[in-house]
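Please model the complete structure; the sequences and the hints are all you need to start from.
Order-wise, the sequence lines are chains A and B. Numbering-wise (numbering that gives the first Met the number 0), the first sequence opens with residue 0 and increments by one. Numbering-wise (numbering that gives the first Met the number 0), the second sequence opens with residue 0 and increments by one.
Calculated from the structure, these hints are not laboratory results. Heads up, a few of these hints could be off.
[Claimed, not checked] Sample of chain B residues lacking proximity to chain A, with all beta carbon distances greater than 12 Å (derived):
#, residue
1, 34
2, 83
3, 145
4, 156
5, 211
[Said to hold, decoys possible] Straight-line distance between alpha carbons at most 27 Å, and here's what the computed DSSO-like set of lysine-lysine pairs gives:
#, chain 1, residue 1, chain 2, residue 2
6, B, 113, A, 3
7, B, 113, A, 298
8, A, 3, B, 190
9, A, 14, B, 206
10, B, 179, B, 206
11, A, 3, B, 116
12, B, 113, A, 303
13, B, 206, A, 303
14, B, 116, A, 303
15, A, 14, A, 226
16, A, 298, B, 116
17, A, 3, B, 179
18, B, 113, B, 135
[Unchecked claim] With beta-carbon atoms standing in for the labels, derived distance ranges:
#, chain 1, residue 1, chain 2, residue 2, range
19, B, 192, A, 322, 57 to 63 Å
20, B, 216, A, 282, 31 to 37 Å
21, B, 76, A, 271, 29 to 35 Å
22, A, 282, B, 14, 23 to 29 Å
23, A, 256, B, 15, 43 to 49 Å
24, A, 271, B, 171, 41 to 47 Å
25, A, 14, B, 203, 41 to 47 Å
26, B, 18, A, 299, 32 to 38 Å
27, A, 363, B, 179, 36 to 42 Å
Ideal placement from N, C-alpha and C gives every residue a C-beta, glycine not left out.
Listed below, chain by chain, are the residues.
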Amino acid sequence: MNLKSITFRNLLRRKGKAAFVLAGLVIGVSTVVGIISFVEAMTNDINHKLEKYGANILIVPKTENLTLTYGGLSLGGVSFEMEEIREAELARVSSIKNARNIAALGPLVLGVVKVDSHKVLMAGVDFEVSEILKPWWKIQGALPDHNGLILGAETARILNLKVGDRVNIKHKELIVSGVLQPTGSQDDQLVFANLATAQSIFNKSGRVSMAEVAALCKDCPIDEMVKQISEVIPGGKVMAIQQVVKGRMETLEHFKKFSYGISGVILLIGSMVVLVTMMGSVRERTDEIGIFRAIGFRKRHIMKIVFLEAGIVSGLAGIIGYFMGLGSSKIAITFFSENHSGQVPLNFELAIGAFGIALLVGLLSSAYPAFMASRLDPNDALRAL
Amino acid sequence: MSYIVAEELIKQYGKGHATVTAVAGISFHINEGDFIGIMGESGAGKSTLLGMMGAMNAPTSGRLVVDDIDVYRLGQEQRADFRREFLGFIFQSFHLIPYLSVIENVMLPLAVVKASKKQKWAMAEEALDQVGLLDKARRLPGQISGGESERVAIARSIVNEPPVLLADEPTGNLDTKTTKEIMELLRQLNKEGMTIVMVTHSPDCAKYAQRIMKVSDGKLVGDN
Chain A
0 MNLKSITFRN LLRRKGKAAF VLAGLVIGVS TVVGIISFVE AMTNDINHKL EKYGANILIV
60 PKTENLTLTY GGLSLGGVSF EMEEIREAEL ARVSSIKNAR NIAALGPLVL GVVKVDSHKV
120 LMAGVDFEVS EILKPWWKIQ GALPDHNGLI LGAETARILN LKVGDRVNIK HKELIVSGVL
180 QPTGSQDDQL VFANLATAQS IFNKSGRVSM AEVAALCKDC PIDEMVKQIS EVIPGGKVMA
240 IQQVVKGRME TLEHFKKFSY GISGVILLIG SMVVLVTMMG SVRERTDEIG IFRAIGFRKR
300 HIMKIVFLEA GIVSGLAGII GYFMGLGSSK IAITFFSENH SGQVPLNFEL AIGAFGIALL
360 VGLLSSAYPA FMASRLDPND ALRAL
Chain B
0 MSYIVAEELI KQYGKGHATV TAVAGISFHI NEGDFIGIMG ESGAGKSTLL GMMGAMNAPT
60 SGRLVVDDID VYRLGQEQRA DFRREFLGFI FQSFHLIPYL SVIENVMLPL AVVKASKKQK
120 WAMAEEALDQ VGLLDKARRL PGQISGGESE RVAIARSIVN EPPVLLADEP TGNLDTKTTK
180 EIMELLRQLN KEGMTIVMVT HSPDCAKYAQ RIMKVSDGKL VGDN
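Structural data, given as C-alpha cells:
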C-alpha cells in the first residue's frame, strides 16, 4: 500500500469521472495533433504543388546597365551584348548547402535572329527541365530535337508558321516541331530552340545568358539559397522572385497561425474540463482526504495523490490523443489533398510533444484542485462527515 | 509522570458578538496506559476536545503536551507526522475507504511510511488478527457488517502501534452485542499498554474506562 496504489484504486472506482477527464483531454490532444499533422501534410502537399509553379530564382550576369522595359514595352537601350555566365560555373549550383531543395536548374541563352524579314528573340533552353520550370506550357506538336524549334503563339501568328514548317536561321534549317498555346507571358513572342543548337547559332558555346531555378520547400529559405548561389557564381547576379516566394510562404503562415490558434482554444477548453472535473473530484473526496490527513498524511502526500491521478489520465490521453489525431488527419487529408497524395508520417517529436502537452495541461489544471485538497483542514473535513 | 497534559484549553469559533466558546478552559493530566472516558450531553464540547487532543483542532489558547511534545507549537506538517506516530483514531462512522479492501484500509496509515510491501502486509495482518478479521482481509468494506467495519477501523488505528488511541463514539452505530465485543477489544488493547481516550454517550461503554471526565458547556465538571 502506497500513494500510487491509492491513486490506481481510486481511478478504477471512479471510472466515469476518469473517462470524462480522459475524453476531454483526448479530444484536445487529438485535435491539436490532428491539426498539426494536417497542416504539416498540407504544407508538404502545397509545397510539392508550388514547386510545379515554375522558377522562383533567376541567375543573370552582373551588369551596370538599367533595363528600359516595363510591362513588355521596350523603350530602347537594352543590349544583349552583355556579359554571360559560363555553363561550367552553373554546374557549381549543385554543390550548395541546400542543393537538394533545387527542383530544376534551367540554363537559357538569348539572342536575336532573323526569320524572313522579322527580327525575333530566340531562346535556347533545356527542354527536359522546361517541364518543371514552365509547367504551364501547352505545346501543340512535340518537343524538338537538335534541329527543331518551338514557336510562341504570337511568333507563329506573325511569322505565319505552323508545325512541320521549315525555317532557315543563320544558314541552318530548323523544323517547327511545336507551337505554344498562348501563355500571356513573353514566351508568346519567342522562338525556342535546344540549348546547344542556340549556342551554336549565336556562337556562344559553353555560355548562357541566364538561368532559372525552381526551388521551394518548407525548410529551404529562398533568401539563404540566393546567398549560397551567389557565393558559387561570383560573376552572376542572383535574384529571388520575391512576390512568388512571399506569396507562397504567407499563405502557408496564415494557415498555420489559424490552425495553431484553434489548437490553443481547444487545449484551453480541455484544461477547463480537467480543472472542473478535478475540483468536483476533490469535493467528493473531502471525507477521504479528511481521513488521510487525520491518520498522518502530509499536505504533499495529498497533492501527490491528486497529481498522480491527473498525471496517469493525462499521459494516457496524450498517447491515445496522438494516435487519434494522426488517424483523423489521415482521413482528412484524403478529402483535402487534390490527388489524395498527402502523406501523414509518424512523427516522433510530435508524439513526445502530444504526451508532454497532455501531461502539462493535466498537471497545470490539477494544480489548483490539488492545492485546495492539501489545504483541507482534517478537523473541518471530519466534521463534515 | 503524566503522558498527556492539557493546560487551560480554550476553543472559540466566530468573532465579536458571534463568538461561540466550545471549550472554555479545560485542564487535565492523563497517564500512560490510562483508559479515559469523556462523557457529556450533545454540544458539550466533547468532540472539540477530542479534536484538540488529536492535533487536528488548534486551541484558541492553552497548551497540549503529549510525551513532552508541545503539540500546537509544531507546524501543520509536523502535526501530521505527530498524528501518524503517536495517535490512532476510531471514528463513529468507521470511515473506511470504500474502494480499498479490508487489509488495504488497515494498511492506509502505512502508505506514507518507509517500509517494504512485505513488512506492511505483515503489520496489517497482525492488526487484523488482533481484531479477529484476518479471514476477511480481501473483502471490501461494503461486504462486511457494521461490527466488522468497526473492528477494521480499530485495526487501522493500531496498525502502526501508536501509544494513544482516540475514539469518538466508537459504538454509536452498533447493536448491544457488537458494542460489548468492541469494548472488550478496546479493554484488551488498553491492557497491552495503549492509552485510550474515548468519547461516549453510553454509560455501559463508560464502565470500561478507568476514569470518567464529564464535560458540560465546554467545561470539565467531573473527573473521577
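Hints, one by one, checked against the model:
no.: 1; hint: 34; in the structure: holds, 21 Å
no.: 2; hint: 83; in the structure: violated, 2 Å
no.: 3; hint: 145; in the structure: holds, 16 Å
no.: 4; hint: 156; in the structure: violated, 8 Å
no.: 5; hint: 211; in the structure: holds, 24 Å
no.: 6; hint: 113/B <-> 3/A; in the structure: holds, 14 Å
no.: 7; hint: 113/B <-> 298/A; in the structure: holds, 17 Å
no.: 8; hint: 3/A <-> 190/B; in the structure: violated, 36 Å
no.: 9; hint: 14/A <-> 206/B; in the structure: violated, 47 Å
no.: 10; hint: 179/B <-> 206/B; in the structure: holds, 11 Å
no.: 11; hint: 3/A <-> 116/B; in the structure: holds, 13 Å
no.: 12; hint: 113/B <-> 303/A; in the structure: holds, 16 Å
no.: 13; hint: 206/B <-> 303/A; in the structure: violated, 44 Å
no.: 14; hint: 116/B <-> 303/A; in the structure: holds, 19 Å
no.: 15; hint: 14/A <-> 226/A; in the structure: violated, 60 Å
no.: 16; hint: 298/A <-> 116/B; in the structure: holds, 23 Å
no.: 17; hint: 3/A <-> 179/B; in the structure: violated, 38 Å
no.: 18; hint: 113/B <-> 135/B; in the structure: holds, 26 Å
no.: 19; hint: 192/B <-> 322/A: 57 to 63 Å; in the structure: holds, 60 Å
no.: 20; hint: 216/B <-> 282/A: 31 to 37 Å; in the structure: holds, 34 Å
no.: 21; hint: 76/B <-> 271/A: 29 to 35 Å; in the structure: holds, 31 Å
no.: 22; hint: 282/A <-> 14/B: 23 to 29 Å; in the structure: holds, 26 Å
no.: 23; hint: 256/A <-> 15/B: 43 to 49 Å; in the structure: violated, 58 Å
no.: 24; hint: 271/A <-> 171/B: 41 to 47 Å; in the structure: holds, 42 Å
no.: 25; hint: 14/A <-> 203/B: 41 to 47 Å; in the structure: holds, 44 Å
no.: 26; hint: 18/B <-> 299/A: 32 to 38 Å; in the structure: holds, 34 Å
no.: 27; hint: 363/A <-> 179/B: 36 to 42 Å; in the structure: violated, 54 Å
Hints 2, 4, 8, 9, 13, 15, 17, 23 and 27 from the list above are not met by this structure, while the remaining hints are.
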